[in-house]
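Asks: Below are the chains, spelled out letter by letter.
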Amino acid sequence: MTETVTWTCTGCALLCEDIQVSIGDNRIEQVEHACIKGRARILGCNEKAIPTVNGVNAKIDDAIKDAARILMEAKNPLLYGWSNSTNEAQMAGIELARTLGCVIDSTSSFCQGITINEILNGTIPTCTLDEVREKADVMVFWGADPMSSHPRHMSKYSYFPRGELRQRGYEDDRTAISIDVWQSRTAKICKNGFHRIPPGKDIEFMRGLIDALSGRVPKLSFDYDVKRILELAATLKKAEFGVIFAGLGLVYSIKEDIALLSEFMSALNQFCSFSLIPMAGHFNMRGFNHNLHEKTGHIYRVKFDDGGAISGVKYSVIEQIKSGADAVLVVGSDPIASLPVSISRRLKDIPIILIDPCMNLTSQVADVTIPCSTSGIEVGGTAVRMDGKNMDITSLVQGDNMSDEMIIRRIIEEVE
Amino acid sequence: MAVNVGKFIRSPEYDITVVTYRDVFQSFACEEDRNGKECEQLSAVIVLDATEMKHMGVQDGANVKLTSKWGSIVVKAVFSPREEQKGIGFMVNSLWSNALVSDETTDGIPEFKNIKVKIKVSNETIISNKEILSS
Numbered sequence: 001m002t003e004t005v006t007w008t009c010t011g012c013a014l015l016c017e018d019i020q021v022s023i024g025d026n027r028i029e030q031v032e033h034a035c036i037k038g039r040a041r042i043l044g045c046n047e048k049a050i051p052t053v054n055g056v057n058a059k060i061d062d063a064i065k066d067a068a069r070i071l072m073e074a075k076n077p078l079l080y081g082w083s084n085s086t087n088e089a090q091m092a093g094i095e096l097a098r099t100l101g102c103v104i105d106s107t108s109s110f111c112q113g114i115t116i117n118e119i120l121n122g123t124i125p126t127c128t129l130d131e132v133r134e135k136a137d138v139m140v141f142w143g144a145d146p147m148s149s150h151p152r153h154m155s156k157y158s159y160f161p162r163g164e165l166r167q168r169g170y171e172d173d174r175t176a177i178s179i180d181v182w183q184s185r186t187a188k189i190c191k192n193g194f195h196r197i198p199p200g201k202d203i204e205f206m207r208g209l210i211d212a213l214s215g216r217v218p219k220l221s222f223d224y225d226v227k228r229i230l231e232l233a234a235t236l237k238k239a240e241f242g243v244i245f246a247g248l249g250l251v252y253s254i255k256e257d258i259a260l261l262s263e264f265m266s267a268l269n270q271f272c273s274f275s276l277i278p279m280a281g282h283f284n285m286r287g288f289n290h291n292l293h294e295k296t297g298h299i300y301r302v303k304f305d306d307g308g309a310i311s312g313v314k315y316s317v318i319e320q321i322k323s324g325a326d327a328v329l330v331v332g333s334d335p336i337a338s339l340p341v342s343i344s345r346r347l348k349d350i351p352i353i354l355i356d357p358c359m360n361l362t363s364q365v366a367d368v369t370i371p372c373s374t375s376g377i378e379v380g381g382t383a384v385r386m387d388g389k390n391m392d393i394t395s396l397v398q399g400d401n402m403s404d405e406m407i408i409r410r411i412i413e414e415v416e
Numbered sequence: 001m002a003v004n005v006g007k008f009i010r011s012p013e014y015d016i017t018v019v020t021y022r023d024v025f026q027s028f029a030c031e032e033d034r035n036g037k038e039c040e041q042l043s044a045v046i047v048l049d050a051t052e053m054k055h056m057g058v059q060d061g062a063n064v065k066l067t068s069k070w071g072s073i074v075v076k077a078v079f080s081p082r083e084e085q086k087g088i089g090f091m092v093n094s095l096w097s098n099a100l101v102s103d104e105t106t107d108g109i110p111e112f113k114n115i116k117v118k119i120k121v122s123n124e125t126i127i128s129n130k131e132i133l134s135s
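One line per chain: the protein sequences are A and G, in this order. Heads up, the first sequence is in the working numbering, so the first residue is 1 and it goes up one at a time. Heads up, the second sequence is in the working numbering, so the first residue is 1 and it goes up one at a time.
Incorrect hints may appear among the rest.
[To be verified] Subject to a maximum C-alpha distance of 30 Å in a straight line, what follows is the list of computed DSS-like cross-link-like pairs (lysine-lysine):
#1 G/Lys86 with A/Lys227
#2 A/Lys188 with G/Lys130
#3 A/Lys201 with G/Lys37
#4 G/Lys116 with A/Lys255
#5 G/Lys69 with A/Lys314
[Claimed, not checked] A few chain A positions that, by computed beta-carbon distances, are all more than 12 Å from chain G:
#6 Thr6
#7 Asp18
#8 Glu32
#9 Asn46
#10 Arg98
#11 Pro125
#12 Glu131
#13 Glu134
#14 Ser148
#15 Leu220
#16 Val226
#17 Ala234
#18 Asn269
#19 Ser363
#20 Gly380
#21 Glu413
Hints were generated in silico from the structure; no laboratory data involved. Since we're looking at a predicted model, the values are computed, not measured. Don't be surprised by glycine CBs; every beta carbon is placed ideally from N, CA and C.
This is chain G alone, in the form it adopts within the complex:
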């Protein structure tokens, strides 16, 4: 009987910094329907440098799991059309990026734009905003 060795091999993890940004099209979709599929599809995404993604073994459009000290979330990884700084992933500000943000502040402003996370390829599916809040 053949043994699927792959399932015993853990995907390697890499340290990256997540920076959040605003996107006008995501903003439009979420203003119209925050629970809608389009809002989710434009939100649950991380943009990375293409060369770095290849180095990590991440395919364009693959699911990745992001884990910070404060939470973890599965999102879709996509190639940036431009060369980006290495070790940085860009996420639209949303509930999916907020799952990674610390609640610790000294000034009342959470760290939305400089989030230290570990990233790895994941077979898990992307969960909805309702599931994020109930998890």
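This is chain A alone, in the form it adopts within the complex:
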């Protein structure tokens, strides 16, 4: 018998909660409303992970025991990944890190971590996507291309919907602006302006905008029509409910100058109401930051030691692989594919334990592979949307594998 359910998609951090899925005989038969990323998540990978130890097929119990042995024998293990796991699995991971007295970090370490940190510390104002849909009249996609990264962002929340206070939607009631190094798919749609800036010049452009907001004529080192910045500042100042969608283009450019982003938001809010939402990628990247913050006061790059927890750049996944970790537990991530190759080569020399539903580049070099069920497809739980809203995640079908949470709890039992 076929049953149709409403499902929350775990294809990205938008967590669209309106997907219709028909299920029959423990199989997904039909999906409606999902974007291409959601479809990819539902279809899953071609090659499922299998339990292995040293490249040889193993029993799952033996793989778990070997994983625990590697972690116990290591002097400085690193627990990494977590953005494709539910809150429940992330909390188990934090517990494991505390038990081992080791370093834990997530993919947010070189993604949206720095913006989420500012939001959780209260230095950057934020809002929910539901508020954006109902109220937002001016939006800036800065180094962000949701048409590629979050395909339903503009149709479900930001630009096209007829919101409560924005019944005329994108036609009359919403102003969309793109600031980017090239005319992205999103920039093509933003009818109110595309501001093309050179790579790495976001900070200078932001300072120019702060000047323009205050009525000063901005000075820029690159060729740019100053009149356009003044016009942009005037548009932003008129916002009743403005929002900056911060993409990786902005984050990677601003990095250590993140305080400038707070200054920019303060400058905007002297004239109008503006919030910022980080364009988190993986479905529960932000959840890890919230969960770790709740437990330690830090959002990432944490070392548990002597009952306390400290955070710093030296505990980032990048620095740990370069010069610290002597074993790595990877959960729901593929660092060999996503890190600079120069760092991946070093990672290959460190014992790796991978917990993942799929074979990937990391599984090809992992010492131990433990297959888990896919979060949001075969196991439910909770997650945090890109705007910080807590969401329930339900499973669709029964899988063959344990959840990542259950596997981590089994490892905790072994190491205690």
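Given the coordinates of chain A, assemble chain G onto it according to the supplied hints.
Replies: Frame of chain A; chain G shown alone:
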């Protein structure tokens, strides 16, 4: 006997900045099969301004070698359908772009979007992700 002089002439090199970006179709292909041909074909590509490519003597679809201080990689060069900023090439974030990225950071965030490289036409073939990792 005719002498192929061309093989003794080195292709000129040009300095460009590589900016990485996300592409939904590449993301879909790689999520399905990271070792698959489609993932490779959508990843091992650099997009450049058409006028600038012609100036460099690079044909649309030709292989080019990109070399940074941290590594080198051969990818396919394609014309951008739009006019782009000169001196900038765009690559989808992937293992091929990661081959060029520095491991030096002061803040734990590698420089994924502002990579200084030299580009030149190449007769070398594009290598697979497995070959990148073993090279």
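Asks: According to the definition I'm using, a residue is off the interface if its beta carbon is farther than 12 Å from all beta carbons of the partner; does A/Ala234 meet that for chain G?
Replies: Holds: least Cβ distance 26 Å, greater than 12 Å.
Asks: Confirm or reject the statement that A/Glu413 sits farther than 12 Å, beta carbon to beta carbon, from all of chain G.
Replies: holds (32 Å)
Asks: Evaluate the condition: distance from the CB of A/Asp18 to the nearest CB of chain G exceeds 12 Å.
Replies: holds (19 Å)
Asks: Would the non-interface assignment of A/Glu131 survive a Cβ cutoff of 12 Å against chain G?
Replies: holds (26 Å)
Asks: Holds or violated: is the Cβ of A/Ser148 farther than 12 Å from all Cβ atoms of chain G?
Replies: violated (5 Å)
Asks: Would you say A/Pro125 is clear of chain G, with no C-beta pair closer than or equal to 12 Å?
Replies: Non-interface label on A/Pro125 holds, nearest chain G Cβ at 23 Å vs cutoff 12 Å.
Asks: According to the definition I'm using, a residue is off the interface if its beta carbon is farther than 12 Å from all beta carbons of the partner; does A/Gly380 meet that for chain G?
Replies: holds (21 Å)
Asks: Please confirm whether A/Arg98 is truly not at the interface, meaning its C-beta sits more than 12 Å away from all C-beta atoms of chain G.
Replies: Label holds. Min Cβ-Cβ 22 Å, cutoff 12 Å.
Asks: Beyond 12 Å from every chain G Cβ: check whether that's true for A/Asn46.
Replies: violated (5 Å)
Asks: For A/Leu220, is the shortest beta carbon distance to chain G beyond 12 Å?
Replies: holds (15 Å)
Asks: Does the no-contact call for A/Ser363 survive, Cβ to all of chain G over 12 Å?
Replies: violated (10 Å)
Asks: If I take the minimum Cβ distance from A/Val226 to any residue of chain G, is it greater than 12 Å?
Replies: Given that every Cβ of chain G is farther than 12 Å from that of A/Val226, nearest at about 18 Å, it holds.
The structure does not agree with the numbered hints 2, 3, 9, 14, 19 stated previously, though it agrees with the rest.
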